[in-house]
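Residue numbers (the working numbering), protein chains in the order written: chain A, 1 to 365; chain B, 1 to 365; chain C, 1 to 365; chain D, 1 to 365; chain E, 1 to 365.
A few of these clues could be false.
No copy labels: a pair is met if it fits in one copy or bridges any two.
[As the list claims (entries may be wrong)] Keeping only pairs whose Cα atoms sit at most 30 Å apart, straight-line, the calculated DSS-like set for lysine-lysine is:
id : residue 1 : residue 2
1  : Lys299    : Lys217
2  : Lys361    : Lys299
3  : Lys217    : Lys361
4  : Lys67     : Lys57
5  : Lys299    : Lys212
Since the hints were derived computationally from the structure, they do not count as laboratory data.
On a predicted model such as this, the values are computed, not experimentally measured, just so you know.
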Amino acid sequence: MASSDKPSRRGKHRARRSVKPVGAAPGTLIIDASWPAPRIDVIGYGPDESWTGADLKVSDLAALKGKWPVLWVNVSGLGDEAVLRQIAREFGLHRLALEDVVTVHQRAKLEPFGNQLFMVARMMDVAGMTSEQLSLFLIDGVVLTFQERLGDCFDRIRERISHGQGIVRSSGADYLAYALLDSTIDSYFPILESIGLLLSDLEDEVLENPEKSTAEKIHETKRELIALRRNIWPHRELLSGLDREASGLLQPETRVHIRDVYDHTIQIIDLVESYREVSSDLMGLYLSSVSNRMNEVMKVLTIFATIFMPLGFIAGVYGMNFDPGVSRWNMPELGWTFGYPFALGLMAGSAGLLLYVLWRKGWLG
Amino acid sequence: MASSDKPSRRGKHRARRSVKPVGAAPGTLIIDASWPAPRIDVIGYGPDESWTGADLKVSDLAALKGKWPVLWVNVSGLGDEAVLRQIAREFGLHRLALEDVVTVHQRAKLEPFGNQLFMVARMMDVAGMTSEQLSLFLIDGVVLTFQERLGDCFDRIRERISHGQGIVRSSGADYLAYALLDSTIDSYFPILESIGLLLSDLEDEVLENPEKSTAEKIHETKRELIALRRNIWPHRELLSGLDREASGLLQPETRVHIRDVYDHTIQIIDLVESYREVSSDLMGLYLSSVSNRMNEVMKVLTIFATIFMPLGFIAGVYGMNFDPGVSRWNMPELGWTFGYPFALGLMAGSAGLLLYVLWRKGWLG
Amino acid sequence: MASSDKPSRRGKHRARRSVKPVGAAPGTLIIDASWPAPRIDVIGYGPDESWTGADLKVSDLAALKGKWPVLWVNVSGLGDEAVLRQIAREFGLHRLALEDVVTVHQRAKLEPFGNQLFMVARMMDVAGMTSEQLSLFLIDGVVLTFQERLGDCFDRIRERISHGQGIVRSSGADYLAYALLDSTIDSYFPILESIGLLLSDLEDEVLENPEKSTAEKIHETKRELIALRRNIWPHRELLSGLDREASGLLQPETRVHIRDVYDHTIQIIDLVESYREVSSDLMGLYLSSVSNRMNEVMKVLTIFATIFMPLGFIAGVYGMNFDPGVSRWNMPELGWTFGYPFALGLMAGSAGLLLYVLWRKGWLG
Amino acid sequence: MASSDKPSRRGKHRARRSVKPVGAAPGTLIIDASWPAPRIDVIGYGPDESWTGADLKVSDLAALKGKWPVLWVNVSGLGDEAVLRQIAREFGLHRLALEDVVTVHQRAKLEPFGNQLFMVARMMDVAGMTSEQLSLFLIDGVVLTFQERLGDCFDRIRERISHGQGIVRSSGADYLAYALLDSTIDSYFPILESIGLLLSDLEDEVLENPEKSTAEKIHETKRELIALRRNIWPHRELLSGLDREASGLLQPETRVHIRDVYDHTIQIIDLVESYREVSSDLMGLYLSSVSNRMNEVMKVLTIFATIFMPLGFIAGVYGMNFDPGVSRWNMPELGWTFGYPFALGLMAGSAGLLLYVLWRKGWLG
Amino acid sequence: MASSDKPSRRGKHRARRSVKPVGAAPGTLIIDASWPAPRIDVIGYGPDESWTGADLKVSDLAALKGKWPVLWVNVSGLGDEAVLRQIAREFGLHRLALEDVVTVHQRAKLEPFGNQLFMVARMMDVAGMTSEQLSLFLIDGVVLTFQERLGDCFDRIRERISHGQGIVRSSGADYLAYALLDSTIDSYFPILESIGLLLSDLEDEVLENPEKSTAEKIHETKRELIALRRNIWPHRELLSGLDREASGLLQPETRVHIRDVYDHTIQIIDLVESYREVSSDLMGLYLSSVSNRMNEVMKVLTIFATIFMPLGFIAGVYGMNFDPGVSRWNMPELGWTFGYPFALGLMAGSAGLLLYVLWRKGWLG
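With the hints as extra help, turn the sequences into a complete structure.
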């Protein structure tokens with residue numbers, strides 16, 4: 001947090017601790033001052049009609065209950081404890097469930113509270129790889145959802161309700177809960193698709209032009225996949241728990257749909273695991289690529305040194321100053337008619353021989 | 001997809017997301033415009049006869065039901081929503097099952113819908129390492145299969161039916177379903193066989209002549225094995241689920257056969273896991289091989305430098321221009337009768353000594 | 001232990017053996033002479049009142065039992081066998097349980113002894129990454145806790161009791177036990193948060209300026225995470241065991257809270273595992289970074305050698321002493337009018353050519 | 001298979017696919033032309049007598065059934081479909097079981113067929129690390145075994161039967177089946193023993209004299225262990241299944257023996273896993289050893305370069321041809337009385353200083 | 001075994017095969033000639049008295065049975081088949097159990113034989129990291145133990161019995177069995193403690209002065225931990241089996257103690273796993289340390305080469321023999337008044353520039 005220029009990376013490693021101070025009473029709501037104020041949107045619908053109420057007050061809710069077969073109360077923003085407590089009172093939410101609603105770094109889970117089913121799921125936001133907590137209460141005829149902020153992946157569901165598409169209008173609140181979970185799980189696919197494309201690009205980069213930044217990008221991808229896995233994995237238990245849940249809140253038909261979402265979750269988990277392996281292998285390929293490069297560099301150095309050191313040595317010998325005049329043993333070559341060509345020939349021969357040896361070793365190609 | 005020259009690699013990493021937009025109603029059929037139109041082929045048979053109808057219309061199907069003890073309706077190509085919906089109506093398929101049929105990147109699974117058993121399996125296509133989704137409905141006396149395109153691994157089954165080979169003609173629809181699953185699982189063996197051969201070749205390559213491309217090939221193989229594992233693994237659950245399935249659609253005799261296919265699946269999974277380990281080890285061997293090569297290169301460089309640097313130094317010393325005329329301390333060697341031979345001897349001695357030391361260190365062999 | 005300057009690191013690897021000599025009778029209490037003497041603090045409370053007794057004597061305890069609906073007896077320090085045995089007698093503790101209390105390196109566990117529930121948990125101390133054993137007996141109306149030393153993470157619970165905040169005063173002893181376990185588990189979050197920040201910093205360090213010490217810090221972090229995992233993991237069984245425990249000591253309402261603590265434990269385990277993977281990947285990134293650096297160093301060396309060896313060779317050739325006077329073949333260049341500029345040009349050309357080749361190879365950027 | 005010089009290595013990676021073509025009817029027997037013809041050996045025995053019939057005809061078998069309390073029919077070689085089918089008819093074998101008999105790359109498994117127990121196990125052949133399939137039918141009073149070829153690890157059992165050693169003669173067919181499985185599992189121990197010795201040798205080699213071939217040998221060992229694990233692992237299920245099998249074919253006393261074989265299997269699996277870890281660690285040690293070597297080579301190079309480059313430079317300086325006659329600034333050293341000794345001293349001093357620095361750095365030994 | 005100088009290392013990798021030849025009859029006792037002869041020691045005790053009989057004969061045992069509430073017969077050494085068979089007859093041991101007693105490389109296990117409980121456990125011997133098999137029969141009122149040789153970790157138990165310490169005298173044979181298992185498990189702690197200290201030392205070594213031998217020591221430690229894990233792991237099943245065992249031989253009170261030993265076993269397993277991870281990480285740290293060293297060596301080489309190659313080149317240029325007398329273009333510097341200082345200045349400038357660049361790159365610190 002100290003260095004303001006890297007908030008995203010730094011933020012990713014933060015322990016998603018419950019913001020509750022150690023030892024605080026359970027049921028205490030710790031509201032972060034920066035959170036947006038709650039906005040209550042309601043959709044009520046039945047087979048034949050649907051009604052949308054935007055930005056309502058808590059006091060409006062009591063009158064809406066029971067007016068339609070299904071009532072969806074969506075609260076976006078958790079920034080006002082009083083409002084949240086009023087809503088909780090209105091729908092008889094359990095104290096601990098409400099605490100979970102504002103503890104926004106929960107794992108996905110299913111918790112039955114009396115005749116209510118409380119679920120926590122995590123939606124992915126494509127831009128920026130961040131996840132948002134969706135808290136969902138399935139009550140008789142009512143689905144109550146809490147989101148951290150405005151904006152979600154449920155617009156198509158709203159459309160389907162208002163236009164009466166599909167079977168949503170003729171189904172119960174359990175079907176709506178299923179549809180919301182389905183959209184939540186589906187929000188992981190675009191992320192995975194972009195990671196898949198990124199891995200393809202990184203593979204090309206590793207094979208064709210590995211840079212230092214390539215390793216960083218692979219590492220970044222692995223870290224995102226680790227975070228993604230931590231987010232998606234608990235949905236498996238949530239959904240299999242929901243399938244087994246004996247509660248009368250769930251119709252048999254809905255269970256078929258839930259198993260379908262469960263299958264999607266497994267598919268996402270499979271993909272995340274595959275991608276993690278691919279990115280690990282990619283790091284290995286990168287390292288082998290770096291080693292190969294060093295080999296190449298070393299080879300160039302060795303070839304040059306191997307060839308020029310003997311040449312330099314020969315030149316050095318004939319640069320010695322022994323006096324040929326003193327005796328005929330002292331560097332008679334210096335006085336030869338073809339002394340210089342002889343020396344050059346010696347050099348050419350030595351270089352040629354070495355080049356041949358290196359070529360035979362396969363170092364020159 | 002952007003770079004058209006590497007479609008195969010790029011394609012492999014794509015997240016096999018359901019093509020359904022996030023939040024679309026379950027039961028929506030998203031048909032890819034590029035898919036081939038459905039072609040309906042029917043085989044009806046009983047102990048004594050068999051009938052083959054090629055490229056039928058949907059309207060022909062109603063009359064065929066019940067005419068033979070077993071009716072196999074095979075639909076190749078999923079490119080026409082209307083046709084698919086008609087078939088679904090004809091055989092009373094569940095809305096969600098039909099959605100699964102056109103969501104062609106499903107994991108293998110078993111889903112009972114009322115008195116029908118719906119299965120998804122994945123066939124491998126030898127050429128190109130691609131997989132194709134087989135959707136199979138086991139209905140009383142009817143097996144209804146959907147494939148993504150024409151061409152499959154079932155030709156021998158068709159022959160066995162038309163020639164009355166084996167027990168297929170005298171068995172029920174459940175046996176046909178088993179036979180199709182058996183062929184599907186068997187389609188993984190040729191792939192594994194070719195990967196096994198490739199690994200052998202790569203091993204030879206790593207040991208004898210490791211190139212940069214060797215690492216790429218190992219990486220490629222690992223990635224294919226990761227994809228293969230993702231494809232084959234869920235068949236395990238499919239088949240063990242089928243064995244446990246209480247449905248009256250399955251004869252006890254068929255369950256014996258299903259356990260046999262299950263065993264094949266486990267065998268494939270075992271092989272895939274073994275191959276993955278072998279290819280990981282191969283990457284390790286490759287890295288050690290690259291390191292060894294660098295060692296060799298370094299040794300050559302060091303040997304040359306170690307020998308020629310002292311020689312060059314000696315030559316350099318006697319190339320100094322101190323004036324022997326000024327004093328008898330100044331390079332008297334230059335005036336010795338055997339000065340030059342002495343210098344050459346010094347060089348030969350130094351080189352010999354160093355060669356001996358290097359030979360003792362074992363660097364020269 | 002021999003080198004007194006590194007006690008902390010050395011201490012971390014010590015096998016947390018039971019200090020009991022091999023073969024000692026079970027039930028033997030081995031008291032370390034360095035442990036602080038026990039200090040007994042008592043809080044008694046009911047819905048309407050609370051009473052705090054600090055630094056009591058064992059003999060005071062008998063009179064306090066039954067005076068309040070809930071009695072919390074907290075013993076800090078285990079350094080006096082006689083006192084511990086008196087307390088054990090007073091509350092009817094099992095011989096083996098008392099042994100576990102003083103064997104301060106136990107894993108977290110749950111052990112029912114008759115109508116008592118005995119739990120061992122491990123609290124983390126933020127400063128210094130050390131853990132402390134909390135032994136907790138849940139008896140009818142009494143919670144008896146033993147800590148290794150003064151100072152814990154329960155001050156807020158004490159406040160909540162004395163100020164009557166939350167529901168603690170109106171709940172039973174089981175709720176108090178839950179609250180203590182909750183605080184214990186919560187004590188892991190600050191540690192994880194600091195490790196998360198450290199990992200972010202290490203990541204920056206690896207990417208920007210990897211030092212030898214970076215590897216040490218990563219290794220240190222991994223080791224801490226291994227220890228942390230060993231500490232937190234068994235709480236999972238403790239808490240799931242507590243949830244399943246049929247004992248009448250636990251109210252249904254408390255079980256809901258216990259599942260909540262269980263969720264936190266899973267969340268911590270998830271984080272620890274994620275951090276372990278991140279730190280492993282970081283080590284890999286560090287190694288790739290070190291390799292990249294070596295590549296860079298090698299490249300500089302190779303560039304210099306590649307350019308200067310030919311230059312030096314040319315200079316060496318024209319430093320040879322062949323006598324141009326003897327024949328016109330002997331180094332006629334020395335007598336050319338533009339011999340020197342020719343040699344310099346040769347050098348410049350050779351250097352330019354090599355620079356061009358290296359630039360084309362991409363080594364100069 | 002293409003390169004005939006490496007059949008063994010190439011063969012090891014082959015996918016052990018069922019030789020059955022994809023889509024062939026179940027129950028089809030695919031006989032490899034190279035397989036040896038079946039040879040039928042029979043041993044009949046009871047508490048008081050035993051009879052051995054070698055190389056019998058199928059037609060002889062009918063008369064032998066029921067003559068002794070236990071009849072062991074052993075068929076070596078699977079190269080004649082007609083004979084196999086006759087035997088199958090004689091003993092009422094299931095169609096699928098017979099197919100499994102000739103599909104010689106099955107995993108170990110247990111399959112009950114009516115009142116018969118069918119087992120597949122894999123024997124190891126010490127020489128050459130190959131495995132052979134043993135198919136065993138336990139029928140009332142009869143044990144029918146099929147092996148791929150002559151030669152097995154059952155000779156001691158034959159001796160015990162014919163000499164009446166141990167309790168085999170007084171026990172039933174289930175005891176014989178147990179004894180055969182026991183020998184089969186025991187056939188893994190010599191292989192493991194030789195791998196254990198090989199690992200010790202490799203460890204010595206890595207520590208004392210790591211060659212390129214050392215890495216190859218470690219890799220080979222790992223691959224063999226991977227194959228071994230794939231062979232042994234399914235016996236675990238086979239034997240635990242046999243222990244749980246409710247069939248009346250198994251006496252309680254025999255189950256005790258089967259648990260004993262099960263224990264041996266677990267012991268083998270443990271060893272294989274340990275050896276795999278040891279060989280992985282060995283590869284790591286090898287890599288560190290290679291790195292250490294490179295360090296050593298680099299150090300030698302650096303020491304020589306560090307010392308001789310300054311020396312060469314000094315020599316080069318005094319080899320320059322500036323004319324001392326032109327000015328007193330031009331290389332006055334050349335005219336000094338002790339110019340040459342001064343230069344040599346400069347060199348010796350520089351070399352000495354550098355040697356001292358290197359020695360202080362610990363690079364010189 | 002061939003090289004007598006490394007028996008310990010070589011011995012460690014040997015497959016602990018049952019010494020029984022493949023196919024030998026179960027119940028065959030294979031006695032190694034090198035084993036010590038059995039020595040029988042007996043302790044009989046009850047609440048009020050205890051009696052010790054040292055080095056008894058087998059024939060003495062019959063008279064001792066039933067004389068005391070608990071009789072502990074301890075047999076040290078397995079080198080006499082006749083004696084072992086007599087003991088087995090005396091106490092009605094199962095044939096297979098006796099075979100297990102002399103098969104001294106068994107995994108820990110629990111096997112009920114009629115009204116006897118047979119256990120195999122493995123004691124660690126601190127000096128030398130070897131393990132010894134303890135075979136324990138719990139019979140009504142009798143504990144019969146077999147050890148491979150004299151000397152064990154039970155002396156304190158003997159003392160407690162003879163001095164009447166703790167509750168052992170007033171408890172039954174099941175408590176004695178528990179006490180022996182407890183001591184056996186406790187014998188692992190000193191080993192782990194010494195490995196923990198060794199890891200601390202190795203860590204210091206890796207960080208401060210990594211030698212080639214450091215890698216060997218880490219590898220050795222890992223191998224010991226692999227062996228240790230193989231030894232300790234099965235005790236987990238043994239003890240949990242004992243806790244679940246319905247046999248009337250075990251008092252409820254003893255089960256509490258057994259769960260305590262079980263906890264210790266889990267704690268040891270946890271530690272072994274942690275140490276294995278730490279030692280793996282240590283190997284990684286070692287490799288990074290070796291790489292860092294190579295980097296350092298390379299840097300020194302590169303710095304020297306980078307600085308001296310240009311200097312040498314300049315000296316070489318002015319060592320060329322172009323004749324200044326021929327033309328004014330030929331090396332006029334040689335005749336300059338300040339030619340030599342100019343050349344030296346050129347060298348100093350070049351060296352200074354390069355040093356500055358290297359310093360900026362951070363290579364000089």
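We went through each hint and held it up to the structure:
no., hint, verdict
1, Lys299 with Lys217, "both (29 Å within a copy, 23 Å between copies)"
2, Lys361 with Lys299, "both (11 Å within a copy, 14 Å between copies)"
3, Lys217 with Lys361, "between (37 Å within a copy, 24 Å between copies)"
4, Lys67 with Lys57, "within (17 Å within a copy, 49 Å between copies)"
5, Lys299 with Lys212, "both (21 Å within a copy, 14 Å between copies)"
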